[in-house]
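S.K.: Two chains, two separate frames, one set of hints: put the complex together.
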Amino acid sequence: MAEKKRAGLKELSPINIYKNLPKINCKECGVDNCMAFATKIVNREMELDSCKPLLKPEHAKAYSILKEMLKPAVAEVTIGVGEKAKKIGGKLVMYRHEFTYKNPTAIAIDVTDEMPEKEVVGRVQKTENFSFEYIGNILQLDMVAVRCTSDDADKFKSCVKKVAETTKLPLILCTMNPQIMEAGLMASPKSRPLLYAATTTNWKDMAELAIMYNTPLVASAPNDLNALVSLAKTLQNYGVKDIVLDPGTFTNGGLQDTINNFTMLRRAATKGGDELAGLPLLGIPMVAWMNKGETADDLIKWRESYMASMLTVRYADALILHGNDGWSLLPLAVLRQNIYTDPRKPVAVATGLKVFGTPDENSPVLFTSNFALTYYTVASDIESNQVNAYLIVVETEGSAIDSGVAGRKLTAERVADAIKASGIESKVKHRKIISPGKASRISGEIEELSGWKVLVGPRDSSEIPKYIIDKWQP
Amino acid sequence: MAANVLPKLKLPAGAIPGGKPTSLFPISFSPPIEKYPNQISTVKLGATKSEGGTRGKSLIIGGELSPAFYTFENQTPHKPVITLDVFDMEVPLSKAVKMHVKDVVGDPAAWAKLAVEKFGADMVTMHLISVDPLLKDASPKEACKTIEKVLQAVDVPLVIGGCGDPVKDTALFEEVCEQFPGERFLISSVTLDMDVDKCGKFIKKSGNAVLAFTPMDLNFARELSRRLYDNLSREDIVMDLTTAALGYGLDYAFTNMERARIGGLMGDLELAHPMSSGTTNAWAAREAWLKMSDEWEPRELRGPLWEVTTALTLLTAGVDLFMMMHPAAVKTLKDVTNYLTANKKADPAKFLEWVKIKA
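The listed protein sequences derive, respectively, from chains Z and S. Here the first sequence is numbered in this note's numbering, starting from 58 and rising by one per residue. Here the second sequence is numbered in this note's numbering, starting from -11 and rising by one per residue.
Chain S on its own, in the form it takes in the complex (with noise of 0.2 Å):
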């Protein structure tokens, strides 16, 4: 820069005509409005006993007319949901994670209960993982038993999730569907590896919606999206894009969610779907719940700062709806969804005391 050293009191170029002003130039900003082709779908989950279902009440997601808190251009029509996980068997936690759920580990109608009315959840989502055939094995039978008793716990909307094995997933949701029809779960999830045709025929004939997942590319997502509309109205779909964690691919997963989300907006319609984000995979980063050297520490605070941050990236990006683990990650996702959409007017008067801060 020292070759753009100015000589002092010379006036430089850019200076009016006639000196330097003396008094502010009234210039307005005129706000940036974009008008979108499109709006992104709404899904409405869970079904209440006046609906077909038996829930305390049901929730609906999308029908963004912009992108994510856009809100000077257009409002929020429906805040972000947030659905606590549940396993029906043990699983590996991190220790962050373990201490809030200890007590209920391994009694899926407890923890349901203890993610609704203690830790605030919307949802709650119900991983049927004891199916998996390198796990229990479990029959779809079995599984839905569990699924009776969390209907039985907590009044929420359920999401219903499998092992990700593609063959008993069918089985599993099959059966679901059967033994459930109009409560209007999300079942989680279907994929390009499964019969497309088959699921997408007895979720709609059962009432329920369907989360779709694909791995990272929007051509994959797309296709899924088609496959589905065989069967399946606009309505009954949520899309999965795949979330990578904070500091493991955390970024293609935001760009892929903001691209996705613009591009519905724009007229891709086999985009213009809600977004959900598995976003307890926030955990799979190894600098979430592991124990490092002192500066770092402690993991109790870094590991659910872990999720938040991955969690208001992707919130940023377009996500409806975030399937999380840590009850202090989700209280700080509801108070800051809350603050986006409150529509109050931001005090300038004490904004410039932080200069003077006694921290």
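Here chain Z stands alone, though its shape is the one from the complex (with noise of 0.2 Å):
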């Protein structure tokens, strides 16, 4: 899947940025030369400030140059502020398979100035606690989304303090009343929350606020791409330097509007550079709460979950969410984790042989594909439960063990090189191998191949430590 073409990225070579660079080798930076550094920059291995000489005042010129050069075609703007800040849009490429998507979508989870203290407090701590391991990674939820819906400067300033005072995320403070948008701002003035919304008619006062607490602004035009625009270029205009876009999202009928509206937002901005257009994007699933009494809650969820993933792949920068369940947002966010990695490089882990706890020469011997997250499921699943035993992973190219039987990216000459080549028979004295289940097809050829006999094992890794217990005969 390696492909060097980066259509839509701007045409830059290491000289160019080289040109600019001080030109002292300094090693600061802790790459070998200037000439090598500029590549990183290019391939967008490292960021332009690992260059401190490049920060003194005398290359500010260089400095401006090099920003200019390097802009993605989305920008990136900052919410909140610390460690859990979380840096939205910042995007360089349309397609997945142009470039490493920056930045995953943040998701941010809400509450409201009506909800007793108590809920409040509940639904952002299960925000903040949410978490998920996924290949070596925790899949982690970003921001909490506070919305008035009192219409009561006070009881929002208080609900906003109360969740400051909860949680170190990133706000996003939700009125369309700017009184009410600055009471809220009042409450936490320094966190650098991101104001919703400013629109066709609210747009001075929020454009105020944003510049008075030096925030994040969203631009708000339902459906309405012209005003979207128009609202955008006004508000840079006025002063506010961080923009977030709103084009609407609506549920049902409205979704061919809004997956069409991200998209042509996205295209300009990547493939016009449109600079309007090129500003991060905001999905709000939760109008699918709009039909709340209508429509059954799970199935409002599961609405709501569908959009935002759909939402996830086309564009949004950010969502915001009411539905908190677990079965809802797991797909969701682990949807988020797949789309951001790297398109080039399958998610693969080395080969060869893993010991597990203190095997002896009559301890079991398995084996399984070098796809990352197969390999992590069964090897948890042989640790959780203390089994002394070898696993010998598979050379399949990064395919799971279904898909690599049925791609021929797992095959037995592969199995029995392995066996081979990992040294086990030195270490066990039987010749028993067992195989995932899934891979039963090619047991038999195995067999043949290796001169090991292949127990066909359970289809599903959290079985193994059972099928030890049950069947292991050395």
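These aren't lab readings, by the way, just hints derived from the structure by calculation. For clarity, every value in this text was computed on a predicted model and none was experimentally measured. Just so you know, not all the hints are guaranteed correct.
To be verified - Facing chain S, a subset of chain Z residues (Cβ under 7 Å, in silico): (1) S107; (2) G329; (3) V391; (4) L392.
For every residue, glycine included, the Cβ atom is placed at its ideal position computed from N, Cα and C.
M.R.: What follows is the structure, encoded as structure tokens:
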């Protein structure tokens, strides 16, 4: 899947970058010389700010030239402050295969100023504590949206205060009323929340607040891209530095316009160089809750989740949701992780022999694929049950078991080679290997090629410990 | 960002000369329309009596002029089609799926009827896995009897699935093509390790269509297309570029399909075929079916949502034919494809009310 061409990226060569660097080969950035650093910059493997000499006043002009050359098609906006601050946007390309997407879609869960305090705190804590381990990463949620449903500035203010006391996650303050917005900002003036939202009617007051409190501001113009870019341009000219676009999110019959709007904006930014379209995009799947009461809550959560997933694929840089059930958020969180991985390299682990616990010459031997997810799943199932065993990781070019067998990436030859190369034959007395259940098709051939007896194990690795207890005999 | 704090009240850079704007700048957004040199080919599936088969209607897939659902640019010529899996013997099924089909497992005709009449399947995939030498090693002739029963039970077009063994599948498909010429089945599937020339010949002769399956590598997909062209026309070929489940390689499947579709539109004719996805693979993800700790339950919702998320991701990559499993996932995919092709204008009037929803 490796591909050098990066259509849509500005044509950049390391030489262009190098010309503007200090060219003193100081190695402060950790790279041997300025040319090597320039190459890393072009490949987006390092940030310009790692060049400390470049940040000195005498290089200010070169720095701004370089910044302009490296400017992403979609501006990067920071929400919040401190360690949990979230960067959104910063996208270089339209399509995932062109270059790794930057800044995974930030997911916010809401609270309202009319929820009992206990509920507010509970929801915020649940958002903060959301955690799922997946191929060595912890999947998490990113932000809290505080909505004013009360129309009462004092209520909003005390709710924002409570939320800010409870969490360091970045906030999105949601009200169309500038006076109420200001009350909310006063409760947490230095936390750089995202303000939702400036519209064609309230934009001037919202712009003043964004400038005064140095916050990013959402420009909202539902299903009207002319109004949206007009609003963005006006806000820019007014002096608002960080703008996020909300083209509107619509359920059901409105889904077509929603997807089209997000797609058109992103294409205009990445392929057409349109700087007004080149601002981060906010999706609001929680509009699904407008049907509350008419539709079962579980169905609303389902709809909200799949809309959020579609918008994650179709260019949303941030999302606001209401449903916070694990079953509806997990597919979204995993999808986001998947879409934002490097498209060029399969997530694979090193092949060869892995040792679990303290196996001896009679311990079971198993094999699996080198697809990272398969490996980590199998490894954790063996580890968590304290099984003493050998595991041979077979080269499958990053394919899982079933797709590896179907796609001839996991073949009997490769398993036989891996057995031989692993040196296992000098470690155990027996010659029996446990195969994943999903690779049963190739077990006969493995026996022929390797001379080992193949025991077809369970289809899912969670049953490996039980299988070994019940069936394993050296 | 601390370095960027603006001095209050000072006119910031970027403001227009003469002061801050007092009214909106009217700017119009120009929709970024592109033209592509090529169109994705169309494939007809199923044949009615007048077309030489026995189906109640036939379906057409493909024909796109733009990437998937870029309806600001071109309409979607044919809505994606859903085919539901039916197996000719007992197979391991997750609990969330099994509860919907438990009464019909082992009776393919009844299962097919349920898929069409109750779950709204556009097509049925008859998986003839009993021919697998490692399972029942049933003969192709026996398998054809099952097809006959299913043809009697439902009148939708069929996909005929093999067992995955290249030699046995060749024998099976040859028998199927011999016995059912003119039905316009989608033969699922021909792969590079089969005798592609032989398969191409008997499929062409029977008037059926072929699903060209390759393992997540566009060069293999191109090669298989080229080898099929020796006997078949473009209108006979659907591609399956391999579907991996959400969390288990869906990203590769997605990007592979998106690249194939864009490549096809840009003139890479060997990739300019309608695409099929074995979306049922979503259930290979343990998160789809495993009993997890309470915070992630119930799995009866998590599982089908896993299939939905897998399907919708690939829908946006350009898939034309979905092979699916769970009735709730099927319903959502149908709804969404209807929404995405309805050409209704989204009503902006109530949108901002979301801020005040009492949920």
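S.K.: All the hints need checking, so say for each whether the structure fits it.
M.R.: How the hints compare with the structure:
Residue-level restraint check for Z/S107 is violated (minimum Cβ-Cβ distance to chain S is 16 Å; threshold 7 Å). Look at Z/G329: its Cβ gets to within about 5 Å of chain S, closer than 7 Å, so that hint holds up. Annotation: interface hint on Z/V391 holds; nearest CB of chain S at approximately 4 Å, less than 7 Å. Residue-level restraint check for Z/L392 holds (minimum Cβ-Cβ distance to chain S is 6 Å; threshold 7 Å).
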